[in-house]
Amino acid sequence: MRQFIAQRLLSRRLTNIQNAEIDRFRFRVKCATAFVLLGFALLLSRLVYLQIARNDYYSTRAEDNRISLIPILPSRGTILDRNGEVLARNYSAFTLEITPALVENLEETIAELEKLVEIQPKDKRRFQRLVNEGRPFDSQPIRIRLTDEEIALFTVNRYRFHGVEVKARLFRHYPFGATASHVLGYLNRVNKADLEMIDEKEQSANYKGTSHIGKTGIEKAYEFHLHGETGYEEVEIDANGHPVRRLSSTPPVAGNDLTLTLDIRLQEVAEKAFGKRRGALVAIDPSTGEVLAFVSMPTFDLNLFDDGISQENWDRLNNSPDRPMINRVLNATYPPGSTFKPFMALAGLESGKRTPEYSFHDTGSFTIAGHTFRDQKKDGHGHVDLYKSIVQSCDTYYYILANEMGIDSIVRFMGRIGFGQRTGIDVEGESEGLLPSPEWKRRRFRRYELQRWFTGDTVSIGIGQGYNAYTPIQIAQAVAVLANDGALYRPRLVKDISDNRAGVKKSVAPELVRTMGWQQKNIDTVKRAMAGVNREGTAARAFLNAEYTSGGKTGTAQTFSLRGGDYRASRLREELRDHALYIAFAPEDKPRIALAVLVENSGFGGQSAAPLARKVLDHFFSARADAPTAAPAVVSETRAARRGL
Amino acid sequence: MSSFLPRLRRLVFEHLDLPLLLIIVPLMAVGLLTVYSATYDANNRAFGQLVNMSVGIVVMWGVARVHPQHLMRFALPLYLVGVVLLTLVFFVGVRVNGAQRWLSLGFIRCQPSELLKIATPMALAWYFQKYETAIKIRHYALAFLMLLAPFALIAKQPDLGTSILVGAAGVYVIFFAGLPWKFIAGTLVAAVAASPFVWPLLHEFQRKRILILLDPTIDPFGAGYHIIQSTIAIGSGGGFGKGWLQGTQTHLEFIPERHTDFIFAVFSEEYGFLGAGVLILLYLLLIARCLMITINASTLFARLLGGAITLSFFTCAFVNIGMVSGVLPVVGVPLPFMSYGGTALVTLFCSLGIMMSIQTHRMLLKK
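Residue numbers (the working numbering), protein chains in the order written: chain A, 91 to 735; chain B, 390 to 756.
Because the hints were derived from the structure by calculation, they are not lab data.
One or more hints might be untrue.
Below, computed lysine-lysine pairings styled on DSBU-like, alpha-carbon distance capped at 35 Å [to be verified]: (1) A:LYS291 with B:LYS545; (2) A:LYS478 with A:LYS467; (3) B:LYS519 with A:LYS305; (4) A:LYS705 with A:LYS467; (5) A:LYS468 with A:LYS366; (6) B:LYS519 with B:LYS545; (7) A:LYS617 with A:LYS362; (8) A:LYS291 with B:LYS597; (9) A:LYS305 with A:LYS705; (10) A:LYS705 with A:LYS468; (11) A:LYS617 with A:LYS443; (12) A:LYS120 with B:LYS525; (13) B:LYS519 with A:LYS120; (14) A:LYS120 with A:LYS214; (15) A:LYS291 with A:LYS362; (16) A:LYS366 with A:LYS705; (17) B:LYS519 with A:LYS298; (18) A:LYS468 with A:LYS611; (19) B:LYS545 with A:LYS282; (20) A:LYS298 with B:LYS571; (21) A:LYS282 with B:LYS597; (22) B:LYS519 with B:LYS597; (23) A:LYS298 with A:LYS214; (24) A:LYS305 with A:LYS257; (25) A:LYS617 with A:LYS282.
Pulled from the structure, derived: some chain A residues nowhere near chain B, Cβ distances all over 12 Å [claimed, not checked]: (26) THR105; (27) LYS120; (28) THR123; (29) TYR147; (30) ALA191; (31) GLU240; (32) THR245; (33) ARG250; (34) PHE314; (35) LYS531.
Derived contacts from chain A toward chain B, CB cut-off under 7 Å, selection only [as the list claims (entries may be wrong)]: (36) GLN141; (37) ASN145; (38) LEU260; (39) TYR638.
Just so you know, even glycine gets a beta-carbon here, dropped at the ideal spot from N, CA and C.
Given the sequences, and given the hints that come with them, work out the whole structure.
See the structure below:
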C-alpha cells in the first residue's frame, strides 16, 4: 500500500514536470510564431519596396535590359601528322540559318527561301532533325556553304525574312578524307551524355555555344585540348533579342594544335595495300612507343560528319556487313595464331625449359590425354630445333613446349608483355582482349563441365589458337617489346601539343612502362629465327630482294571473335575462312619499326598479310632514304643521340 | 463490395491531414505553372516536376502511415548512416561544379546531405526524449556537438545552403527542448563576436557573395549579375505582374537558375506583388497548420521534431526569397514546392509525411 502511494506521488511529480515542460514548449511555439511573422513581414516589406515603391525604376531597367553575353566560339585545334601534314583543320563557311521560334510558318518561309537559294531535300531533312532536337530559340542551318551570289541575293531580300540570318560557322575538314579515320575520329552534335561529361569536368561555361564535340578517336580523347577557350561578346540586343551593337568582347583562345606520331604517307600506303580487304595494321617505333601507322579497314570518310551526318549515311556506315565503324585496332580481338610462337619460344628460353640447341623429331602430331594435336605438315618437320620451329612454323614443337610450361607460367609471361591487357594508348575505348587462364574459365562458364581447364586448352594456346584473343594493338606492342630488347614503351598517338594560350609546344615524353629483364642472348636467338622467317621461311617469298634486313612471323587464325557485333550471322560463309596474320620488325638489328598486320578471312599469313607488310616497310625505308626534308634527319639524329646515351 | 470502397478510402486517407493537403495542392499547382514558364524556352521540365511531385506524394503517404514511436526508432541509425556517408563524401565524393556533394554507388548517385535535413532533427529529438523531464545543461551541449558533425561536413563540401538548413533544424530542436534564454542570448552575442573569425574560413566565392549583397554593382557581369537581374525581375513585376509566360527577364534569359534557386524571380515577375503575397500567405498557412499539429502532439519527440520541421519550412522559404530579392547572400536553398528538383522535393514531402503522422496517430490514440 505504501509502495503504491509512493508510486502515485512519483508519477504525479513527473506529470507536473511534464506539464511545466509543455507550458514552456507552448511559450516557445509562440515565440517561434512571432519569429515567423517577423520574417515574412520583412520579406513583404522588401517586396513592397521593389514591386510597388520602385516599380517604375525596375520596369525601366527591365526595358533597358538589353545587354546580353554571346559566346564566341574558339577555333578548334588543328591535327598534324609527324611530318607536319594537316590531318584536320577548320574552315569557315556561310550558312543560312532559321530560328524556329521567330518564324510564324516554317514551311512557307522555307518555300520562299528556296526561290533565292538552292535547298535540297536532304538539307530540309537535316534542318527538320536539328529543329526537333534543338530548342526553339536556337538558330539552325537550312543551307550550309552558301555561294557569294546566294549571300548577295538573300541579303537584298532579307527584310522579308524575320528570323532568318546568314551566319559564319566553322566546319571541320579532313584533307585526307577516309585515311586514318579511326585514329582521328569525328565530331558530332553535343548530346545529353556529352553534357553530363562536360559538367563533370567543370567545363560547362566553356562549352556554352559549342554545338559539336569529338565523338571518337583523337577528336574525343583530346577534346579539351582541341576545343580552346570560349570568348564572350557583350552586346546590346533589341526587344526581340537580336544583337544591335557590340559593347565589349573577350576574344576566344584557339584550341591546342596536336602533332601526331602518325606518318600519314605510311598510313596511306598501308590502307591502299589492303584494297578492299578487311583487317588492321599497326606500326610502332619500338624505341618510343610512337604509333607510325594505325590502320583499321575498311575506313569511312570523316568529311561525311562535318555538318552533321545524314541519316542515310549513318545507317549505311552502321549497317554495312564490313562494319567500317568498328575500330579493329582497338576493339576487334583475334587469336594470334602462329605469330604467338616467337613469344612462346622466348618464354621457353627464359624459363629454361628450352635451349636454342634443343631439338626433337617431329612426326606430325602430339598426343596427350587421349587427344591428338596435328601439325599443319602431315608427316612432320623431322628434326626441329628452335630456329627451325619458327622459320617453318612447326606446331608440334609448341604443343609440347606449352604442355611442359603449363598454363600458369605462360599466362604470367604473356601478361607481362601486355597480352590480354589494355595498352593504355591515348585514345579511348580500347578492348581488353583475352589471355585465358583456368581462373578465367571458372568465371566465364556456369556449368561445371565447361569450367574445367583441360591440358588440351594449354596445348592449343601454345600455337596461338583456342580461347585467346588479342587486339591488333596488343600484338603490335608485343612485337615492339621484342624488337626493343624487352623495354616496353606505352603506345601513343600524340607527339606534341602546342598550347596556343601559352604559345609553347610541348613534346609528350615516351613512357617506359616496364623492362622485361630478359636475357639478351635469348632475345637475339628469337630475333635471329624471325629474320630466318623472312629470309628462308614462310615469308621468304614476300621479302625477296628487300633492301633492308627484317624479322617476321606469319600466322593463321582459325576462328575469330568480333565482340559486340552480329558480324557472324551476316557473312557466315566468308567468315569460315581463316584470318591471315603477320608480325615484323626491321631492320634486324636496332629495329626502327615494329608492326602487326591482320587480314580478315584471307587465309594463310605468308600469302596475304606478309606482302602487305612488305609494301609498308618498303615505303618506310625508301621514304627515309630519299627524305627531301630535314625533319626525318632530325628524328634519326635524336634517335642516335638517345642510343649514344 | 460494399465494404471494399470504405476500406480503400480508409487505406488512402486514414493518415492524411486534409487541411495540410488543401494548402499544398495550390502550392504545387503554382509551382508547376512557374516551372513550366521558367523552362518554356529550353526543354520543358514541368512534366518532370509533376513526376517528382507524384513520387513525393507517395513518399508522404507512406511516411504518414508510420507511427511517430516507430519513427523514433529510426532516428539514431539514420543519423549515424548519414554522418558516415557524409564522411565518405568528404574522402571519395564526386565533384560536380566544384563542390563535392555526391556519393557514387556505381549505379546511382546520392546526396547524403539531403538525408541529414531530416535525420539530424530526428536524432536530436530522440536524444531529448530519452532524457525527458531530466534535461540538463550538458544534454544541450552534447546536442550541439551532435549537430556540429553534419553541419561542418556539409559546409565543407561546400554546400552552405544545405548546411544552414541542417544547422537551423538542429538549433530549432534545441530551442524547443528548452535551452535557457540566457544561453540563447549568449550564443547570439558569441556568434556576432565570432563573425570576424569565421570570415577567413569562408570560401572565396562565399565571401564575394556577401560583399555583393552589400553592393551588387561591384561585379555587374559576374557574381552580382544574379542579384541585379533577379531584383529587376521582381521589381518590374509591379503590383499585378506581367502575366504567365510574359516575363521579359525570364524569357530573354536574364534570370540565371530560373527553374531552380531563382524561381521566385520568375514567379513574381509574372504575378507581381499580388502573386508573391498569395504565395507568402500560403506558406504562412502551411506553417500555421504545422504549428497547430506540433502544439497538440502527444510526445516530446513529436513536439520537438514537428517544431523543427515547421520552422525548417519557414527557413527554406525565407532564405530563398530573401536571397532572390537581395536581402540575404546567395546560398543554394530551393524554394519549397516551387523550385525544380527531385531530391529536395522528396525530402520536403517526407517532412510533410512526418507532420501528418504526428497528427493522425494522435487522433487515433484519442479514439
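Hints versus structure:
1. A:LYS291 with B:LYS545: holds, 20 Å
2. A:LYS478 with A:LYS467: It holds: about 14 Å lies between the C-alpha atoms, which stays within 35 Å.
3. B:LYS519 with A:LYS305: violated, 59 Å
4. A:LYS705 with A:LYS467: holds, 29 Å
5. A:LYS468 with A:LYS366: holds, 33 Å
6. B:LYS519 with B:LYS545: holds, 31 Å
7. A:LYS617 with A:LYS362: holds, 29 Å
8. A:LYS291 with B:LYS597: It holds: about 24 Å lies between the C-alpha atoms, which stays within 35 Å.
9. A:LYS305 with A:LYS705: holds, 32 Å
10. A:LYS705 with A:LYS468: holds, 32 Å
11. A:LYS617 with A:LYS443: With a Cα-Cα distance of about 18 Å, the restraint between LYS617 (chain A) and LYS443 (chain A) holds, given a limit of 35 Å.
12. A:LYS120 with B:LYS525: Measuring from Cα to Cα gives roughly 23 Å; hence the hint holds.
13. B:LYS519 with A:LYS120: holds, 25 Å
14. A:LYS120 with A:LYS214: Violated. LYS120 (chain A) to LYS214 (chain A) sits at ~68 Å, over the 35 Å cutoff.
15. A:LYS291 with A:LYS362: violated, 40 Å
16. A:LYS366 with A:LYS705: holds, 16 Å
17. B:LYS519 with A:LYS298: violated, 55 Å
18. A:LYS468 with A:LYS611: Roughly 33 Å separates the two Cα atoms, so the pair holds.
19. B:LYS545 with A:LYS282: Satisfied, since the Cα-Cα distance of roughly 30 Å is no more than 35 Å.
20. A:LYS298 with B:LYS571: violated, 54 Å
21. A:LYS282 with B:LYS597: holds, 32 Å
22. B:LYS519 with B:LYS597: Violated. LYS519 (chain B) to LYS597 (chain B) sits at ~43 Å, over the 35 Å cutoff.
23. A:LYS298 with A:LYS214: Since the Cα atoms of LYS298 (chain A) and LYS214 (chain A) sit roughly 26 Å apart, the hinted pair holds (cutoff 35 Å).
24. A:LYS305 with A:LYS257: holds, 25 Å
25. A:LYS617 with A:LYS282: violated, 51 Å
26. THR105: violated, 9 Å
27. LYS120: Incorrect as stated: the minimum Cβ-Cβ distance to chain B is 9 Å, not above 12 Å.
28. THR123: violated, 6 Å
29. TYR147: The assertion about TYR147 (chain A) is violated, with a minimum of 7 Å to chain B.
30. ALA191: At roughly 8 Å from the nearest Cβ of chain B, ALA191 (chain A) sits no farther out than 12 Å, so the non-interface label is violated.
31. GLU240: It holds; GLU240 (chain A) is separated from chain B by about 31 Å at its closest Cβ, greater than 12 Å.
32. THR245: THR245 (chain A) is indeed farther than 12 Å from all Cβ atoms of chain B, at 27 Å.
33. ARG250: The claim holds: ARG250 (chain A) sits with its nearest Cβ about 25 Å from chain B, beyond 12 Å.
34. PHE314: holds, 16 Å
35. LYS531: holds, 26 Å
36. GLN141: Result: holds, 4 Å to nearest chain B Cβ.
37. ASN145: Where the cut-off is 7 Å and the nearest Cβ of chain B is about 4 Å from ASN145 (chain A), the hint holds.
38. LEU260: Violated, about 24 Å.
39. TYR638: Interface hint status for TYR638 (chain A): violated (52 Å vs cutoff 7 Å).
Consistency with the previously given hints fails for numbers 3, 14, 15, 17, 20, 22, 25, 26, 27, 28, 29, 30, 38 and 39, ordered from lowest to highest.
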